[in-house]
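*Asks:* Sequence:
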Amino acid sequence: MTSDVATGQQIELAISGMTCASCANRIERKLNKLDGVTATVNYATEKAKVTFPAEVDPTVLVQTVEAAGYSATLPQPEKPEETEEDDPLRSLRQRLIGAVVLSVPVIALAMIPALQFTYWQWISLALAGPVLVWAAWPFHRAAWQNLRHGAATMDTLISMGTLAAFAWSLYALLWGTAGVPGMTHPFELTIERMSGDGNIYFEVAAGVTTFILAGRYFEARSKRRAGAALRALLELGAKDVAVLRDGREVRVPIDTLAVGDRFVVRPGEKIATDGVIEEGSSAVDASMLTGESVPVEVGPGDKVVGATVNAGGRLVVRATRIGADTQLAQMAKLVEDAQTRKADVQRLADRISGVFVPIVIALAVGTLAFWLGAGGSTAAAFTAAVAVLIIACPCALGLATPTALLVGTGRGAQLGILIKGPEVLESTKRIDTVVLDKTGTVTTGQMSLVDIHVASGVDDEEALRLAGAVESASEHPIAQAIARAAADKLGDLPAVEDFKNIEGLGVQGIVDGQVVIAGRTALLDDWSQKLPETLATAKAEAEKAGRTAVAVGWDGEARAVFVVADTVKPTSAEAVTKLRALGLKPVLLTGDNSAAAKAIAAQVGIDEVIAEVLPKDKVDVISKLQAEGRVVAMVGDGVNDAAALAQADLGLAMGTGTDVAIEASDLTLVRGDLLAAVDAIRLARRTLGTIKGNLFWAFAYNIAALPLAMAGLLNPMIAGAAMAFSSVFVVTNSLRLRRFR
Numbered sequence: 001m002t003s004d005v006a007t008g009q010q011i012e013l014a015i016s017g018m019t020c021a022s023c024a025n026r027i028e029r030k031l032n033k034l035d036g037v038t039a040t041v042n043y044a045t046e047k048a049k050v051t052f053p054a055e056v057d058p059t060v061l062v063q064t065v066e067a068a069g070y071s072a073t074l075p076q077p078e079k080p081e082e083t084e085e086d087d088p089l090r091s092l093r094q095r096l097i098g099a100v101v102l103s104v105p106v107i108a109l110a111m112i113p114a115l116q117f118t119y120w121q122w123i124s125l126a127l128a129g130p131v132l133v134w135a136a137w138p139f140h141r142a143a144w145q146n147l148r149h150g151a152a153t154m155d156t157l158i159s160m161g162t163l164a165a166f167a168w169s170l171y172a173l174l175w176g177t178a179g180v181p182g183m184t185h186p187f188e189l190t191i192e193r194m195s196g197d198g199n200i201y202f203e204v205a206a207g208v209t210t211f212i213l214a215g216r217y218f219e220a221r222s223k224r225r226a227g228a229a230l231r232a233l234l235e236l237g238a239k240d241v242a243v244l245r246d247g248r249e250v251r252v253p254i255d256t257l258a259v260g261d262r263f264v265v266r267p268g269e270k271i272a273t274d275g276v277i278e279e280g281s282s283a284v285d286a287s288m289l290t291g292e293s294v295p296v297e298v299g300p301g302d303k304v305v306g307a308t309v310n311a312g313g314r315l316v317v318r319a320t321r322i323g324a325d326t327q328l329a330q331m332a333k334l335v336e337d338a339q340t341r342k343a344d345v346q347r348l349a350d351r352i353s354g355v356f357v358p359i360v361i362a363l364a365v366g367t368l369a370f371w372l373g374a375g376g377s378t379a380a381a382f383t384a385a386v387a388v389l390i391i392a393c394p395c396a397l398g399l400a401t402p403t404a405l406l407v408g409t410g411r412g413a414q415l416g417i418l419i420k421g422p423e424v425l426e427s428t429k430r431i432d433t434v435v436l437d438k439t440g441t442v443t444t445g446q447m448s449l450v451d452i453h454v455a456s457g458v459d460d461e462e463a464l465r466l467a468g469a470v471e472s473a474s475e476h477p478i479a480q481a482i483a484r485a486a487a488d489k490l491g492d493l494p495a496v497e498d499f500k501n502i503e504g505l506g507v508q509g510i511v512d513g514q515v516v517i518a519g520r521t522a523l524l525d526d527w528s529q530k531l532p533e534t535l536a537t538a539k540a541e542a543e544k545a546g547r548t549a550v551a552v553g554w555d556g557e558a559r560a561v562f563v564v565a566d567t568v569k570p571t572s573a574e575a576v577t578k579l580r581a582l583g584l585k586p587v588l589l590t591g592d593n594s595a596a597a598k599a600i601a602a603q604v605g606i607d608e609v610i611a612e613v614l615p616k617d618k619v620d621v622i623s624k625l626q627a628e629g630r631v632v633a634m635v636g637d638g639v640n641d642a643a644a645l646a647q648a649d650l651g652l653a654m655g656t657g658t659d660v661a662i663e664a665s666d667l668t669l670v671r672g673d674l675l676a677a678v679d680a681i682r683l684a685r686r687t688l689g690t691i692k693g694n695l696f697w698a699f700a701y702n703i704a705a706l707p708l709a710m711a712g713l714l715n716p717m718i719a720g721a722a723m724a725f726s727s728v729f730v731v732t733n734s735l736r737l738r739r740f741r
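Heads up: the sequence shown is residues 1 to 741, going by the UniProt record's numbering.
Hints were generated in silico from the structure; no laboratory data involved. Be aware that a few hints might be false.
[As the list claims (entries may be wrong)] Ranges of calculated distance between the beta carbons of each label pair, as one might list FRET restraints: (1) G583 - D35: 42 to 48 Å; (2) E612 - W527: 31 to 37 Å; (3) L372 - V133: 27 to 33 Å; (4) G491 - A602: 34 to 40 Å.
[Unchecked claim] Derived pair list, reagent style BS3-like, types lysine-lysine, alpha-carbon separation capped at 25 Å: (5) K616 - K270; (6) K585 - K624; (7) K578 - K598; (8) K429 - K585; (9) K539 - K569.
We treat Cβ as the ideally placed atom computed from N, Cα and C, and that holds for glycine.
The task is simple: from the sequences and hints, build the whole structure.
*Replies:* What follows is the structure, given as structure tokens:
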């Protein structure tokens, strides 16, 4: 995992103990203070990428992270399978379930006077205690770490608010009047000054903990998917391989393959690793890696890439690169690098808390000092100060993001849009450029017959019938496109006799007693069948537009040219228009030649085209656009798009594409339709607006009640009602997303 680079060595540390994006920033600052060290810490993937001089011991980096209050581990040589015990969600899930079971009765007892039996307050204490101590432990631990480093986050507010509510309730029970048998909280919203020692707030401590644990659990679940892109990428490779040993084929696991080994690839099989062909010729379908729909003709001496599919004949390949050196492994590394580089969007709640927490603490201390200085009783002064902390503890804040996200993602799922997490939404607001991968995104990604040119006196249907019949015996995707078009239009096709596949040139066979030849002009030239001028012109024009032309001859003459191409999806042009209406500039990105790319761009109305881009260079294209100050969204569907999707500020993957692209993206479009990208951006922006509205109101209710708390006028029912009302408002506001069209 370490490598010598120009600036020293590079290492990736696994970080644990981070609770928010500000934790990542703190670790980054600490590491960057070391001489010659450059570090980037990613909260989503929980990794730190560190470049450091050779004289620095990597253990110093670990100690620096630990000194900041977090844990770090050096890369392990071999990662064992994750067991149930290692599941980071397990502990969070257990705490959440426990908190829900214990909190529901506590909240019900506090809010419904009819349920308040003689010793109800002591039952509330017994139920709320474990919630505060055990379930809320992650918040207390994080608050303590933040306190040691002079920082305040959402955790600080949760910990202080819940502890204050619990401690005051305990005081009221043991030393105040709240513990007397038959005590009730009447449901009356009156404002009056009181000592507060007759009121308990266990429902605040338990309820806030439960709501915020739920929010954290759903966030952690979406975060855990970050590493799935890499796992999915590496799953694509072949699992075993037929190696030639003493002239015999022996099946061995892929990890025993060595550089220089010769192995066999049969038609339809995946090529096991990067290598050079020694025997045989075929067409290799590399669409999974390159995204290009036309298979590549290969023969002895040609290089092939691991995980691509042999579409034609038997090949013998000599392995040139294995394991981490292969193109597939390097692509996985690109995805990982892009995910690490991706800027973290700090959670809104944390940013607000950073300002709000110190203000609330200052107000609570100020309130206590004022009441003591004004000659009020100690009990009344403490009541007012604690009330400030309790009312500031944002119950609705814990609901603001998860509820909007839950409703937004639910509505998205109905519309075929899957949103990965809250940090995705902020990107949708800022994007100004949308990069569209051509193959499979703007186009269908499947070869289709788009045009037939025939010599004078030749019938179109007769040409299609003969060409379709001879091509139907070939496995080549271009041949299949012609055969499919013929079968769709004419039904059953005549049988082929004496069929021959001439590698790299085309096919020939006898149909209805006539020798039919289809393929490159070189094949027809061998049979002395020259294309008439009209057909030669049609072929040249088709190739100029980036399409594939297949010449067909029978009865001793070249009589037709079939034009095959990847066709534009019917909704692509409309989608491009709508993307422009959202204020986005569309850019077409492809590995295809410029002519083909420009022809497609003209059909859908895109002005900016970036063509002939290798898969590994797609990330650089996105980075270059970002360096120009653009905020980039990328829509793609192939393995070759995965790293670029991860690098983009917002990655959208077509659900009809590969698992790797889907895992590396932020939004997945279940429909293989570009219009879904328009809906996705609109829905994500609407959901973000709802979250911001929720956060505003969650704080507004708390802030509105702060003056009452400071004045010592806060009746517990007003505190409870403000809490309940803010929560109900947030949930209701979120439910409006269900009406998104």
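*Asks:* Looking back at the hints listed earlier, which ones does the structure fail to meet?
*Replies:* none
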